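Visitor: Sequence:
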Amino acid sequence: MTRALTTLASMPPHRNQRACAVTAAALSGLLLATSPAKADPRLEQAAALVSASMEEHRLFHTCFSLLPTTFGFVAALWERKVEDSIVILQEHEGTAPLIQRLEVSLLPGALLPAPQTPFIQLQDECHAVERLEQAAQRYEFIQLRYELEKLLRD
3 MTRALTTLAS MPPHRNQRAC AVTAAALSGL LLATSPAKAD PRLEQAAALV SASMEEHRLF
63 HTCFSLLPTT FGFVAALWER KVEDSIVILQ EHEGTAPLIQ RLEVSLLPGA LLPAPQTPFI
123 QLQDECHAVE RLEQAAQRYE FIQLRYELEK LLRD
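The sequence shown begins at 3 in the numbering used here and counts up one residue at a time.
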């Protein structure tokens, strides 16, 4: 599934914007609502890590979506993070909901804001984060795979 989404996820957001918006709207509930079983507290912490990383990349996707090269970079980076994280999560029971959330986040538009979001709001969000471009280029963000490995270590 991941490889099939690669091309779609790396497409500039202005292509098929309506399809992306529909996809994003339909999946936003799933991205937010799916949570792991309550039996293992580590899974709740893993869910929090996944949510934080998704929110971080939502900001990257939003702010870098205007240029095809930067958007492609961020989309490819997120895809690698998701693939690596899924490998770690597959080694542990009860992580299927987290894996599903990550897979859904790869769909076109899943991490982009709704098309009706006012530009000034997006601009304010992007300007509020100092050194956003430097952070992305230097990989100064949540290292989801390594954080999950550390958390879920037996």
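Where hints are given, some of them may not hold.
Computed beta-carbon distance windows for the label pairs [to be verified]:
(1) Gly74 - Asp42: 30 to 38 angstroms
(2) Glu151 - Gln102: 14 to 22 angstroms
(3) Val89 - Ile122: 21 to 29 angstroms
(4) Gln118 - Gly74: 33 to 41 angstroms
(5) Ala116 - Leu153: 13 to 21 angstroms
(6) Tyr148 - Ala78: 33 to 41 angstroms
(7) His129 - Pro43: 35 to 43 angstroms
(8) Glu93 - Leu69: 15 to 23 angstroms
(9) Pro43 - Arg140: 39 to 47 angstroms
(10) Ala50 - Glu85: 14 to 22 angstroms
Read the hints as simulated data drawn from the structure, not as lab findings. Only a predicted model underlies this, so the values are computations on that prediction, with no experimental measurement involved. Cβ atoms here follow ideal geometry from the backbone N, Cα and C, with glycine treated the same way.
Visitor: Against this structure, judge whether each hint is valid.
Guide: For each hint, the structure was consulted:
no. : hint                                : in the structure
1   : Gly74 - Asp42: 30 to 38 angstroms   : holds (37 angstroms)
2   : Glu151 - Gln102: 14 to 22 angstroms : holds (20 angstroms)
3   : Val89 - Ile122: 21 to 29 angstroms  : violated (40 angstroms)
4   : Gln118 - Gly74: 33 to 41 angstroms  : violated (25 angstroms)
5   : Ala116 - Leu153: 13 to 21 angstroms : violated (32 angstroms)
6   : Tyr148 - Ala78: 33 to 41 angstroms  : violated (19 angstroms)
7   : His129 - Pro43: 35 to 43 angstroms  : holds (37 angstroms)
8   : Glu93 - Leu69: 15 to 23 angstroms   : violated (37 angstroms)
9   : Pro43 - Arg140: 39 to 47 angstroms  : violated (32 angstroms)
10  : Ala50 - Glu85: 14 to 22 angstroms   : holds (21 angstroms)
Hint check: violations occur at hints 3, 4, 5, 6, 8, 9; the rest are consistent with the structure.
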